[in-house]
Structure formats: structure tokens, C-alpha cells
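J.: Using the sequences plus the hints, can you model the full thing?
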Amino acid sequence: MLTACNGSRKGDANLSDNPLLQSSALFMEAPEFDKIKTEHFLPAFEAGMEQQLAEIDSIVNNSEAPTFENTLVAMERSGQTLKRVSNVFFGLTGANTNDELQKIEEKVSPLLAAHSDAIYLNDKLFQRVKAVYESDQSAIEPEGQKLIQEYYDAFVRAGANLSAEDKAKLMELNKEEASLTTEFGNKLIAATNAAAVIVGSKDSLDGLSETEIAKAASDAKAAGHEGKYLLNITNTTQQDYLSVLNDRTIRQRVLEASIHRTDKGDANDTQSIVLRLARLRAQKARLLGFPNYAAWKLQNQMANNPETVLAFVKSIATPYAPQAQKDAAELQAYARSKGFEGDLTAADWNYYADKLRKEKFGLDENEVKQYFVTDSVLKNGVFYAANKLYGLTFKERTDLPVYAEDVRVFDVIDQDGKQLALFYTDLYRRPTKSGGAWMSNWVDQSYLLNQKPVIYNVCNYAKGVDGQPSLINYDEVTTLFHEFGHALHGMFAAQQYPLLSGTNVARDFVEMPSQLNEHWAMDPEVFANYAKHWKTQEPMPAELVKKIQDASDFNQAYSMGENLAAVSLDQAWHTLTVEEAEAITDVAKFEEEALRKVGLYNPQIPPRYRSSYFRHIWSNGYASGYYAYLWTEVLDHNVYQWMVQNGGMTPQNGQRLRDMILSRGNTQDFNVIFTAFTGLQKPDIRDLLRARGLM
1 MLTACNGSRK GDANLSDNPL LQSSALFMEA PEFDKIKTEH FLPAFEAGME QQLAEIDSIV
61 NNSEAPTFEN TLVAMERSGQ TLKRVSNVFF GLTGANTNDE LQKIEEKVSP LLAAHSDAIY
121 LNDKLFQRVK AVYESDQSAI EPEGQKLIQE YYDAFVRAGA NLSAEDKAKL MELNKEEASL
181 TTEFGNKLIA ATNAAAVIVG SKDSLDGLSE TEIAKAASDA KAAGHEGKYL LNITNTTQQD
241 YLSVLNDRTI RQRVLEASIH RTDKGDANDT QSIVLRLARL RAQKARLLGF PNYAAWKLQN
301 QMANNPETVL AFVKSIATPY APQAQKDAAE LQAYARSKGF EGDLTAADWN YYADKLRKEK
361 FGLDENEVKQ YFVTDSVLKN GVFYAANKLY GLTFKERTDL PVYAEDVRVF DVIDQDGKQL
421 ALFYTDLYRR PTKSGGAWMS NWVDQSYLLN QKPVIYNVCN YAKGVDGQPS LINYDEVTTL
481 FHEFGHALHG MFAAQQYPLL SGTNVARDFV EMPSQLNEHW AMDPEVFANY AKHWKTQEPM
541 PAELVKKIQD ASDFNQAYSM GENLAAVSLD QAWHTLTVEE AEAITDVAKF EEEALRKVGL
601 YNPQIPPRYR SSYFRHIWSN GYASGYYAYL WTEVLDHNVY QWMVQNGGMT PQNGQRLRDM
661 ILSRGNTQDF NVIFTAFTGL QKPDIRDLLR ARGLM
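Mapping to full-length UniProt numbering: the sequence shown position 657 is 657, numbers consecutive.
I should point out that these hints are in silico values taken from the structure, not numbers from a laboratory. Warning: the hint list may mix true and false statements.
[Stated by the list, open to error] Using C-beta positions, here's what the derived DEER-type ranges look like:
(1) Lys597 / Glu32: 51 to 57 Å
(2) Glu359 / Asp475: 17 to 23 Å
(3) Glu367 / Thr393: 48 to 54 Å
(4) Ala54 / Pro142: 30 to 36 Å
(5) Asp364 / Ala311: 37 to 43 Å
(6) Met695 / Ala54: 37 to 43 Å
[To be verified] Below are the DSS-like pairs computed for lysine-lysine, each with C-alpha atoms no more than 27 Å apart in a straight line:
(7) Lys463 / Lys228
(8) Lys314 / Lys338
(9) Lys221 / Lys202
(10) Lys395 / Lys418
(11) Lys103 / Lys379
(12) Lys463 / Lys379
(13) Lys83 / Lys107
(14) Lys535 / Lys395
(15) Lys124 / Lys169
(16) Lys546 / Lys326
(17) Lys37 / Lys107
(18) Lys146 / Lys124
(19) Lys358 / Lys338
(20) Lys360 / Lys418
(21) Lys535 / Lys463
(22) Lys202 / Lys103
(23) Lys546 / Lys358
(24) Lys264 / Lys589
(25) Lys107 / Lys169
Keep in mind it's a predicted model, so treat the numbers as computed, not measured. Every residue gets a Cβ at the ideal spot worked out from N, C-alpha and C, and that includes glycine.
T.: Written out as C-alpha cells, the structure reads:
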């Protein structure tokens, strides 16, 4: 019998009462949040791992010759309990965590790493997979052949061909990496909450709207600072406040709080974790026969290797550089014309950019926000666009339990009237939630397992106060469309096997459907349906809509610069050799040297994420893959241009998109899918450069 951990499970006598150990009795196996308790998770994880190892043991010791059914399909059927527990647990640790959940996560993460190794480093199991891989596959359907290829490649990438001694070393590295990534994520949540800026005087908040000031007062009171004002810090370096706060001292305090949230030498400092993760990932890559971690990690991505990524970054950075210099000179001159002395800093850039935008285009962000009610954007924008393109309809239901009061649940009905999915939304900020926005599954789609998708979107919008609804800016509008693009990718999943289902695709492909969905936010019909003043319900005036459109590529060099810098940091950390990684002792110094090396060091335009709070690459699965956002932006603009040239937002185009891309999961080569839809032999970067005002 295979084992991943030792010792008896606590609470074995109560396993029969654990709702995580059997399929939910609720509609579409929706999680039973009203029954699930924190103490259920650890016993459920342990039972789930034990159960799957028993299932794997049966596959390994099957006396019959290896076949597709008794090996690969059997593996796909295994681990259903563990998957159910993991989906719920990690959904909660991201969206509604607490000290107890974090302690469980710290304990279970290395156990899960060891469990994965017990499967993928099992030589007998690999030999069965290899035997099927090397056999005649002509009688197996294409999706089955893809499953065989994916499993074989996964075993090889995981180290199945290593010696027993090297496998043991790899397992230790994997366990430590799992523990460190969990620790990083938990420290970052605490650090971001602790970094909130307390302001004593309302006068210091000049520039914020009355609604924003009221929210700051409410947040301060909730945090025990009644009579003061609290400015929460979001996950990125730049903060929305910096574009409107007139008090430069407060702007500087906010930016400093953001940049230094995790490098202050306190309990939430993550720099030692960053250094250790960089070193052990380099060691892991060498053990697996690769020069660096990125070379190992990118094997099954569209880019395939770090050299392609670096060439891609350069192809954007080259036209970006002169535009950034031009924008900086224009902004500096503008600031001086307004009496500013000295050189602009990162705390000043967006402030003066916002003022210049107002003068150039007459665009006031506070005025614009009055037309973007979060609920209307969701129902009359996101859902409306999905109905227009794909014929989907959405009906809210209140009979299913949720994990927090703001969470809502919707039936998703397909154009044929049948249930397609369940969709949960969790849109508002709270201290127990990680920063940013994301999509994931409570239940994964699979015909084999007779499961339909149960999907959720999480965002971090400010709730309304004093009787006013939640109002968001246009960037946040596109975020909601973006995350729902991921949701559609999961909803339209139509795969037999869970490994290949929905969004289980390459990192540098998975962001394409989500970024494509952002385009519909500005479709005239869709926009008119959701952009209505929260008080009067009057549609946004045509002249204000035009101002938004005219200003769409304003300050794009800044946005591109902070993203390119973040991509470059990710690649710099993950293309280190073992010796190079071990030589680094100063995170900030390494950052500066890495950015100078690629011509992207610019204190006025800091990276979207500094290394010490770069959750994507240290705790969220995007190590060496942050470039995927820009890569897929190229893909999405190419797909969007095809749709524009062929009638735009029509049901016919929606069906074509669904059939050829959104429903395919990981059943076909992504380059083949892209070419089949667009007719392009390879992605064309020019559409992106034009959209970003860089061409």
C-alpha cells in the first residue's frame, strides 16, 4: 500500500458525519457550506489522500496488462474525495480565510505535495502509463489520445525517470516548496491588511469623493480607529487613491505602504521566502535536467521556453520605450505648468496623469463611476453580453447555502433551456479575502464523472455605504467581464475527462478567453444596457461615453511598463542557475539589477508587483508564467479582430467561438485552435500594439 503520511487520523469516529467525505446532496453537488465546519477539513484531506492512494494501488497491482481503461481512465476516476475537499478548502482560503484555516493549509500543503509525488514518482504506475503511451492508440478516440499524452508528459516532467536517490531529493524540495508558497500567501494577506494607511484628518483626503471618504471612515471604525480614516491597500503596487489625492504627503505614505508591505523585517516580511523559493526551484530544475526553472516549467506552454518569452517581451518593450519617454516628458512638463517642482515620482504619476486626462478629454473618474453600479454591470452588462453572444440566461436562487453573506448564486441556463452550470459571485472586499480577482470551480465538469460545472468569481470591490450602491471604475468593470470570461471557459467545458476539462489549459492560453470577454464591456448595445446613473437610471450621456473611448489609450505606456517590469522580474527569478540563486542575498538589489539589464528600471514606473508581494509567482501557480497575460492579450486581440471583421457580437460568432475555443478544454493543440479560428499561422502582435497606442 502506498503511503504519503504516517499516523492515525484524529476524529476517525466522526468521519461518517463529515459532509466532505461524500458527494453533496445539493443540486449539482453544490458545496454544503451550511454543514461544512473547519474541523472537517484535515480529516477529510487525510481520508481523501488515503482513498486515492488505495485506488492507485489497485491500478498498480492490476494483474491484467495495462490498457487505456484500466490505467488512464482508472486514474481519472481516482481521487474524487480529495478533489472535492481541495476545491472547497482552497476556495475558502482564498476568499474567506481565518487563522484556523491558515494553520490547516500550512499543515496540509506539504502533505499534498508528498501525495502528488507518491503518484507521479511511482515507478510501477509510470511503467503502466508508459506501456499505454507506447502501444497502438488508433482505436482510442482523439480526446483519449490527448489524455494519454498529457499523463505521460506529466509523469516525465514530475521526475518519473529519475533515480530513486534523486526522487527522494525531489520529494523534499517539493514538500518545502509547498510549505513556503502557503506561508508566502498567508503572510501577504496579513501584510496587505496591516499596510492600510490611517489618516487623522478629513482635509488630508481632499480629492476623494464623499462616498469614498465615508467608506474610509467606516473602515477605520471597523478597525478600531473611530474618528479617523483608513485607506486599504490593494494587491498591486499602484493604488487607485494616488490618482486623486491632492495631499502629496498622503500619496507618498500610501505608495510607501504598498511598496514596503512585505519588506519591513517584521512577522510579515516575505523576502527570505522569496530567496529560498528561488533557490529551491533552481535546484529542482537542475535535478530534473534543466538549466533553470523556467526552462522546465514552460515545456507544455505555447511559448515552450524562456528564450521565446524574452524575445516576446523585447518585441513589446522596443516600441514601448520611446512612448514611455514621450509620456514622461509630457507629464513632467504638465506638472511643472501646475506649479510642481522637482521630478515626478511614482506617487505623482497617476495623479498628474488623471489631471491631464481631465484637461485633454474632460474625463472625470468620479463622474464616470456614478454610472457603474456593480450589480448592474453584472446583470445588465456581463450577463446581458453572454445572452447576446451565447443565448445564456441567468436566474438568481437563494436556496443554496453560501460561505459569506455577500455571496450570490445563479442558475446558468443554456440556449436549449437546459441547465448548463451554477455560478457563484463573491464581489466585495473583506479582510479575510486575498487581493485581486479570480475564477475557479467548486465542481469540475466531466462526462466521465457525470458532473456539470459549479463555478465562482471572486473580486475585491468596495461595498456601498450610506444607502449608496457599490460603484466601480471602468477598470473594475473590465475586471468583472474578464473574470466572467474565465467562467464562460469553465461553463462551456464539454470534456469526458476531468484532467482535460475547461480551464485546465496552458497558462499562456487560459487568459485569452477572459481578456477577449473584456471587449464586450464597450460594445454599444451592452454598454447602454448597464451604464446608467445610480440615482436617476438615466443612461450615460453620449459625450461622456466618447470621452471614455477617446481616453482609452491614454497613459497606456505606464500600464504596459509596470506589466513588462513584472514579467521581467518573474523571468529573472526563474531563469537563475543554482549558483546564481544562491549568490543572491538582497531582493531589492536583485530587482534593480534585473530591470536595468532589460532596460525597464524606472522608479517612476515601478513593477505592477514587487518581488516580495508578487503572489502570482510565489503562491499562485504563475511561476515563470506571468508573461501569459501579455501573450494572451495578443491572442485575444487577434481573435477579437476576426470577430469584428465578421459581424462582431453576433450569435453566429458566439457559437463559433464556443465550438472552436471555449468548449475545447485541453483536447487540442492551442496553436492549432488559434489558427483554425483566426486563419493566422501565428499570433500577430500589431493588433495589441495598436490597441495600446504603441503603434
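J.: Compare the distance between the alpha carbons of Lys103 and Lys379 with 27 Å, and conclude whether the hinted pair is satisfied.
T.: 37 Å, violated
J.: Against the 27 Å threshold, does the CA-CA distance of Lys37 and Lys107 hold or violate the hint?
T.: At roughly 17 Å apart (the allowed maximum being 27 Å), Lys107 and Lys37 satisfy the hint.
J.: Does the alpha-carbon distance linking Lys360 and Lys418 stay inside the 27 Å limit?
T.: 50 Å, violated
J.: Between Glu367 and Thr393, does the beta-carbon spacing fit 48 to 54 Å?
T.: 33 Å, violated
J.: Just to be careful, I want the Cα atoms of Lys83 and Lys107 compared with a cutoff of 27 Å; is the pair within it?
T.: Roughly 17 Å between the alpha carbons, so the hint for Lys83 and Lys107 holds.
J.: For the pair supplied as a hint, Lys463 and Lys228, is the alpha-carbon distance within the 27 Å limit?
T.: 19 Å, holds
J.: Verify the proposed pairing of Lys358 with Lys338, using a straight-line Cα cut of 27 Å.
T.: 14 Å, holds
J.: Honestly, do Lys597 and Glu32 meet the 51 to 57 Å range at C-beta?
T.: 52 Å, holds
J.: Take a quick look at whether Lys264 and Lys589 sit within 27 Å of each other, Cα to Cα.
T.: 15 Å, holds
J.: If you draw a straight line from the CA of Lys395 to the CA of Lys418, is it 27 Å or shorter?
T.: With a Cα-Cα distance of about 13 Å, the restraint between Lys395 and Lys418 holds, given a limit of 27 Å.
J.: Cβ-Cβ distance between Met695 and Ala54: within 37 to 43 Å?
T.: 58 Å, violated
J.: With the threshold set at 27 Å, check whether the alpha-carbon distance from Lys202 to Lys103 stays at or below it.
T.: 39 Å, violated
Violated hints, in rising order: 3, 6, 8, 11, 20 and 22; the structure is consistent with all others.
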